[in-house]
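Protein sequence lines, in the order shown, are assigned to chains A and B. For the first sequence, our numbering begins at 6 and goes up steadily by one. For the second sequence, our numbering begins at 158 and goes up steadily by one.
No wet-lab data here; the hints were simulated from the structure. Worth double-checking, as some hints may not be accurate.
[To be verified] Derived pair list, reagent style SDA-like, types lysine to any residue, alpha-carbon separation capped at 25 Å:
| hint | chain 1 | residue 1 | chain 2 | residue 2 |
| --- | --- | --- | --- | --- |
| 1 | A | 136 | B | 609 |
| 2 | B | 497 | A | 81 |
| 3 | B | 497 | A | 120 |
| 4 | A | 136 | A | 52 |
| 5 | A | 136 | B | 596 |
| 6 | B | 497 | B | 306 |
[Unchecked claim] Quick list of the computed label-pair ranges, beta carbon to beta carbon:
| hint | chain 1 | residue 1 | chain 2 | residue 2 | range |
| --- | --- | --- | --- | --- | --- |
| 7 | A | 253 | B | 484 | 52 to 62 Å |
| 8 | B | 511 | A | 192 | 52 to 62 Å |
| 9 | A | 337 | B | 450 | 52 to 62 Å |
| 10 | A | 57 | B | 510 | 32 to 42 Å |
| 11 | A | 314 | B | 235 | 32 to 42 Å |
| 12 | B | 253 | A | 37 | 36 to 46 Å |
| 13 | B | 470 | A | 189 | 33 to 43 Å |
| 14 | B | 612 | A | 37 | 30 to 40 Å |
| 15 | B | 162 | A | 46 | 50 to 60 Å |
[What the hints assert, rightly or not] So these bits of chain A aren't anywhere near chain B, every CB distance computed over 12 Å:
| hint | residue |
| --- | --- |
| 16 | 25 |
| 17 | 27 |
| 18 | 42 |
| 19 | 43 |
| 20 | 52 |
| 21 | 75 |
| 22 | 179 |
| 23 | 264 |
| 24 | 332 |
Predicted model, so just to flag it, every value in this text is computed and none were measured. We put the CB at the ideal spot given by N, CA and C, even for glycine.
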Amino acid sequence: MTTAATLPDLEELRDRIAAAETVVPVGGRTHWDVGGPAPIGVEVRAPAGVVSYDPAELTVTAGAGTTVADLAATLEDGGQECVLDPRDPAAATVGGTLASGLSGYRRLRYGSLRDRLLEVRFVTGDGRVVKGGGPTVKNVTGYDLPRLLVGSLGTIGVIVQVTLRCQPRPRHVTWAGTSGDPFEVRRRCFRPSCIAWDGGDTRVLLEGDPDDVAAELHAGGLTPGDRGPAWPDGPHRGRISVRPGRLCALADELGGVDGLRWVAEIGVGTVHVGADGPAPLAQARQAAEAAGGWLLREQGDGIDGFGAGLPNRQLMARIKTAFDPAGKLSPGRLPV
Amino acid sequence: MADLRAALGPDRARAEPLELALYQRDAGVDRGQAAAVCFPDTGDQLAAAVRIAARHDRPFVARGSGTGLAGGATPVGDPLVIVTTGLNRILEVDADERVAWVEPGVLNLDLSRAVHHLGLHYAPDPSSQQACTIGGNVATNAGGPHCLAAGVTAAHVLAVEVVLADGSVAMLGGLEPDAPGYDLRGCFVGSEGTMGVSGRIAVRLTPNPPAVRTLLLDFSTIEAAAATVSGIIAAGIVPAALEMMDAEITRAVEDFVGAGYPRDAAAVLLVELDGLPAGVEAQVEAVRRVGHEHGARTVRVAADDAERALLWKGRKSAFGAIARIAPDYYLHDAVVPRTKLVDVLRQVYAIAAEYDLTMMNVFHAGDGNLHPLIVFDQRTPGVWERVHAAGDAILRACVDAGGVLSGEHGIGLEKRDAMPLVFTPDDLDAQARLRDAFDPSGRANPEKILPSGSRCGELQRVPAGAWI
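Please construct the entire structure, taking both the sequences and the accompanying hints into account.
Here it is in structure tokens:
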């Protein structure tokens, strides 16, 4: 069991937030372009450091400013992990990853990023500390504020401390590949962690008992090899969210966009897209919306954060106003 | 009533005293009084009922089968009760996307049965799954034995089409992996009917595991059983289910079902492991080893599906079995950190002794979700006062150990006034803001979850007969 001193006194942070006209929570700046444009204002940071970790509880409590890599190092000592999987774990903070709401590449097996967060403490725009959720792995005590905070892009409160669900590390991990039909891999394998497809090559992540992994390789017609997928890079990036059943049709459209690199998560419905300029992303957004989905900007400029307006905008606006009546928390990040 | 009868048909809106009496309460103990009861048969009728309530500025309470134990469906404030059990159609099953659209009145187990031939099931499995509805499961964010590894309802609901309190219809979430903006779906699941009524629900279906093994371990002390629970987790195993039953309930169940539970055990553990065969077999051996290290007297591995089903029948019949002991029971629900299980159990037994009550424990040990069960005969003078006082003491012991008020039943009316035990006024204020943003009128299942005084500036008042 690790128990650091409790988090540093939040007094100063609370005062700064309460006094500021505009508050901009900052983590590792690795998700800085996600959604609407970054506002200009008083930048505030959450404390870093693991507060408590007991492997027998399968939970960990940490300051939101802890980097994902530092958290992982602590959990490794207990033979565990917390599935956050941001692109840049060395720089990304736990709080920033949660606030951006981007689920990692192992979602197919482990579910959404939102399923990780058990308890959250955040500072409101008027400088109060609020706790939502609870520290136990199972809890229905009151309204689910943790789920509201995940993906809220700093517009509800400044996340300062979180309790997260952990899990035992798998005994064996391997990437494998095939040039065959990725949808067939999904039907044949019981519980792959990721099936990534770029239109030609399929890369599959298998985790578990070595004998089971071997059996899954066989069942899926996969060739082992430690190479993971080439996630699209470039100064302009985004992610498409579409019904998983529409990926095949959408892939045809994306294949016709000049200069667009993409990798789809089969069974999930996320398509990671990247390009050297904004135009291919704008075209990818059109294709996504035509397929009933949408594209979130993750990096670059030239296209806006969300494209078509948010659904249930009035309801979201009421929530935003209820938590931040002064409109001082990350204004513009979410178009509500 | 005239509006309701016009919109739903004359038989689908009732206000006779007998009908109203039937809907005074759920499976918990709190009673209320409905002004009228209606039984919509279609989504349009459901929305019409909510709109009629809005037009007449009347509160409304939606309910499924009424298996809730926290008074979440108890009518308060002279409301219209909307019974969703007629909305029981499975609308669409997409085996390839592993998604089903259902109406809120579909019974939990009926869904799993309907998709069984596709090699799929709906993972959350409350013990009441033969009777409880998916809509009710969404309202309470229901759990169940298999939620240890699979996660509770919130992890399995993709989208909910909701009738908000003003009668408007909103689709929260979607079949896409992410919806832009706030996670409204996540806010709605577990809101106990205070944010609106679900009209259609899209749930995730889970592939049936290729291998399943069920083990029964028995112990001569409850401490040894609890230590085994920690040992299993420490060995890097998260079983599909990990249930504990104490001596009293084990005997009661064995007398009732004849599942072959050892009648002289101080505690038994029911452990289910599932997944791919090699990993499952390795885990069976690991659980066997951990059990023996902690003094398990026997480790029985179910040989076939029939034996597995029998072992589970014992567990899931626990609440039927206690009817043979005393006519009434009061079931608690609280969660403590796993590592505090032994400590808290010891306190729970001491509390039962102090109040001279018969107590049994059958619970989801793997996630620390305690279900102390007090059995009694309410004809005994003064027994209710002791039952309530003991319940209050148990809840405080759980909170003192760092636990929470409810793991899967919800807060409802029963635990509403205990909320300040775990939340500060600022915490409760934030929750009230979220609730009010969904329902500014406050007419959706009023007086539930949040104690009065939760909103800043509201007068603090402690209701008579409350938990505090």
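These are the hints, each one checked on the structure:
Using a Cα cut-off of 25 Å, the hinted pair residue 136/A and residue 609/B holds, with the two alpha carbons roughly 19 Å apart. Distance restraint check for residue 497/B and residue 81/A: the Cα-Cα separation of roughly 23 Å lies within the 25 Å cut-off, and the hinted pair is therefore satisfied. Between residue 497/B and residue 120/A the CA atoms are separated by roughly 24 Å; this keeps the pair inside 25 Å, and the hint holds. At most 25 Å may separate the alpha-carbon atoms for a hinted pair to count; residue 136/A and residue 52/A meet this at roughly 16 Å.
A distance of roughly 22 Å separates the Cα atoms of residue 136/A and residue 596/B; the hinted pair therefore holds under the 25 Å criterion. The suggested pairing of residue 497/B with residue 306/B holds, with an alpha-carbon distance near 20 Å, which does not exceed 25 Å. Distance hint check for residue 253/A and residue 484/B: the Cβ-Cβ separation is about 59 Å, which falls inside the suggested range of 52 to 62 Å. Taking 52 to 62 Å as the suggested C-beta distance range, the pair residue 511/B and residue 192/A conforms, at roughly 58 Å.
Distance hint for residue 337/A and residue 450/B: a CB-CB separation of about 58 Å, consistent with the stated range 52 to 62 Å. Separation of residue 57/A from residue 510/B is about 33 Å and conforms to the stated range, judged on CB atoms against 32 to 42 Å. The given range of 32 to 42 Å is respected by residue 314/A and residue 235/B, whose C-beta atoms sit roughly 39 Å from each other. The hint said 36 to 46 Å for the Cβ distance between residue 253/B and residue 37/A, and at roughly 37 Å that hint holds.
Restraint check, residue 470/B to residue 189/A: a C-beta distance of roughly 38 Å satisfies the suggested window 33 to 43 Å. For the hinted restraint 30 to 40 Å between residue 612/B and residue 37/A, the CB-CB distance of approximately 36 Å keeps it satisfied. Against the hinted window of 50 to 60 Å, the Cβ-Cβ separation of residue 162/B and residue 46/A comes to about 57 Å, which satisfies the hint. Distance to chain B confirms residue 25/A as a non-interface residue, since its nearest Cβ pair spans about 19 Å, more than 12 Å.
Non-interface call for residue 27/A relative to chain B: holds, since the shortest CB-CB distance, roughly 20 Å, exceeds 12 Å. The beta carbon of residue 42/A is kept farther than 12 Å from every beta carbon of chain B, the shortest such distance being approximately 16 Å. The claim that residue 43/A lies off the interface holds: its Cβ sits roughly 17 Å from the closest Cβ of chain B, which is beyond the 12 Å cut-off. Its beta-carbon lying about 19 Å from the closest one in chain B, residue 52/A satisfies the requirement of being farther than 12 Å from that chain.
The claim that residue 75/A is not at the interface with chain B holds, since no C-beta of that chain comes within 12 Å of its own (minimum 22 Å). In this structure residue 179/A is separated from chain B by more than 12 Å, as the shortest Cβ-Cβ distance comes to about 14 Å. With a minimum CB-CB distance of about 25 Å to chain B, residue 264/A clears the 12 Å threshold, and the non-interface call stands. For residue 332/A, the condition that its CB be more than 12 Å from all CB atoms of chain B holds, with the nearest at approximately 15 Å.
Consistency note: the structure conflicts with none of the earlier hints.
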